[in-house]
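*Asks:* Please work from the sequences and hints to get the whole structure.
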Amino acid sequence: MTSWLFYGFSAFAVAFAYLVILLRNPIHSGLALIGSFFCVSGLFVLMHAPFLGVIQILIYTGAILVLFLYVMMLLNLKEQQKEDRLWQTVARYVALLLIPLGWMFSLKVLNFQRLVSRSLPEDFGSVHSVGQQLLGSYVLIFEVSSVVLLVAMIGVVVLTQKKSMENPR
Amino acid sequence: MIVSLTHMMTLSFVLFLIGLAGIFIRRDVLTVFLCVEIILNAANLAFVAVANAFGDEFGHVAVVTIIAIAAAEAAIGLSMVIKLHSDKKSMNLSSLNELRG
Amino acid sequence: MIFFQSDWLGAALRIAVTTGTIFGVLVYFLVYAERKVSAFIQDRVGPNRVGPLGLLQGLADGVKFIFKEDLQPANVSKFLYAFAPYAAVFPAILAFAAVPYGLREIDGKMVPVAIANINAGVLFTISVSSLGVFSIILAGWASNSKYPILGGLRAAAQVISYEIPLGLSIMSVLLLAGTTDFYGIVQAQNESVWFVFLCPLGFLLFLISVFAETNRLPFDMPEGETEIIGFHSEYSSLKFAMFFMAEYANMVTVSCVGVLLFLGGWEFLPGYSWQDLSLAIGLDLLNHPVLWFVTVVWFLTKLSFLLFLFIWVRWTLPRFRYDQLMRLGWKRLIPLSLFNLILTMVVTVWMVWR
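Protein chains in written order, with our numbering: chain A, 3 to 171; chain B, 656 to 756; chain C, 62 to 415.
Because the hints were derived from the structure by calculation, they are not lab data. In this text, a Cβ means the ideal position worked out from N, Cα and C, and glycines have one as well. Some clues are possibly wrong.
[To be verified] One-sided and incomplete, this derived list gives chain C residues near chain A with beta-carbon spacing under 7 Å:
hint, residue
1, Ala181
2, Leu184
3, Phe185
4, Val194
5, Ile198
6, Gly239
7, Thr241
*Replies:* Here you go:
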């Protein structure tokens, strides 16, 4: 049962990811990406990472993709026009062909004997245990990512100011 | 049937390849950003699978960090997209071929 | 009876009953109460023609919605136009999955009555209900019309902005309780006091942001039926009814969360639990089979108080202007909720050290 869920989520994640790069309308691509993220979130839950599963939905779909769709709506994007040259079309099909090739290649070459979803401690991946790690052993990473977010915030404020571009001092 | 780490790593690799192919074949900025998100997600998946297989929670910490970085990247990237739209009236990456702003 | 012991069937039954209750009963009576209370506040009679006391008015409205023409404007993005109402209803139903609404005893253990008891229940509920904003964006964009896209932009910006103070005020409760489990939070309130007394500022912030999140007056910019055009202007018939129902279902869900986080959930009175009551009346309520019924009814009582507050505020306060709304969100609520969070941290650390 569990392994069927694994393969089902995986198949849908890959299918939605394909849709993201094949659909011409950016908003449709964004929606397909939401589907892919939901499947990956399901995989996280199956792999004993319930906290990450929730965080994935809360931050990736609930915040980041909402921002993406918001910007798409703000700019009111039209469908991408076909203005490709010949070599771009060829490159497109070559790139798409490479994916199944890479799939087969990695299935042949990768060989990990370890199993996913084996028995683990009861609270593995729970809010409590990840929080202990995040604020214990890896507190430096935590602090650095908070600084990164602060810098991003300041950067966005600077970037979106109108005056700074028109008459730089 | 039991899921081995090989299968999860393969899934992660395939998602990574799809994201990479998307960056090459799509020409509008926002979809390229979406493809970057797919790649980050593939990395997250690999981290979680390895964390699960080895019983080590560092993978989860890494994923939390990656998500935070992705949020920062999305904010900066989208503000640049809005800037680009107001300057060039185009979302196409090919219109970004000049060196002077 | 073997069927009812099977896990899957039991779960399916619980889902069916709970979802049916929310949509069939709670939302129905909420709409009815909205009309009756508004009529009372404005010194009118309200619906009184269909059925006794106008109780069947909702049914008549439902029939009207179903039989209206399902209009689809020209040049809409067909898939997204049809998809948006579902994107509104789906999170509204799903968010309720992790919300417990009573207490019962199984094999000597106290278990909350809920569809699913999830460890990170609070996080789950916030994350799923935050998905509702997609329906606003999609409906606004897919309608291919100027007014819905403007309304959708405004509404989406409002919902995104007010999610921040909402999350921060919920975080202060998580800090006080030390858990992300609804049951654990109610237990923590049972052991100390209700969190509405422990952090009143957090409750106030929660209420304000929840009003904005569910697009209720004084923040009903997204709807503003007659004066301002909202994101669902191009929708009619059942599709519009789905947006309408999703809004009321969201109100029910966030009120449940408010009751659980701040008003002690199914606990009896502040500082006076069911245990104290059963000692006082000499009846072991906690091991009584009627316990779940009593707690659910008590929970519903608190819930209806919060829902009444929603309606009361709606017919008392005038609407904010859009710039005032954004200024309130970003310049007042977010700093205040950060201050509230830091205050809660200090209090928590002080309580641990003492």
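*Asks:* For each hint, tell me whether it holds in the structure or not.
*Replies:* Consistency of the hints with the structure:
no.: 1; hint: Ala181; result: 5 Å, holds
no.: 2; hint: Leu184; result: 5 Å, holds
no.: 3; hint: Phe185; result: 6 Å, holds
no.: 4; hint: Val194; result: 5 Å, holds
no.: 5; hint: Ile198; result: 5 Å, holds
no.: 6; hint: Gly239; result: 9 Å, violated
no.: 7; hint: Thr241; result: 5 Å, holds
The structure is inconsistent with hint 6 alone, although it conforms to all the rest.
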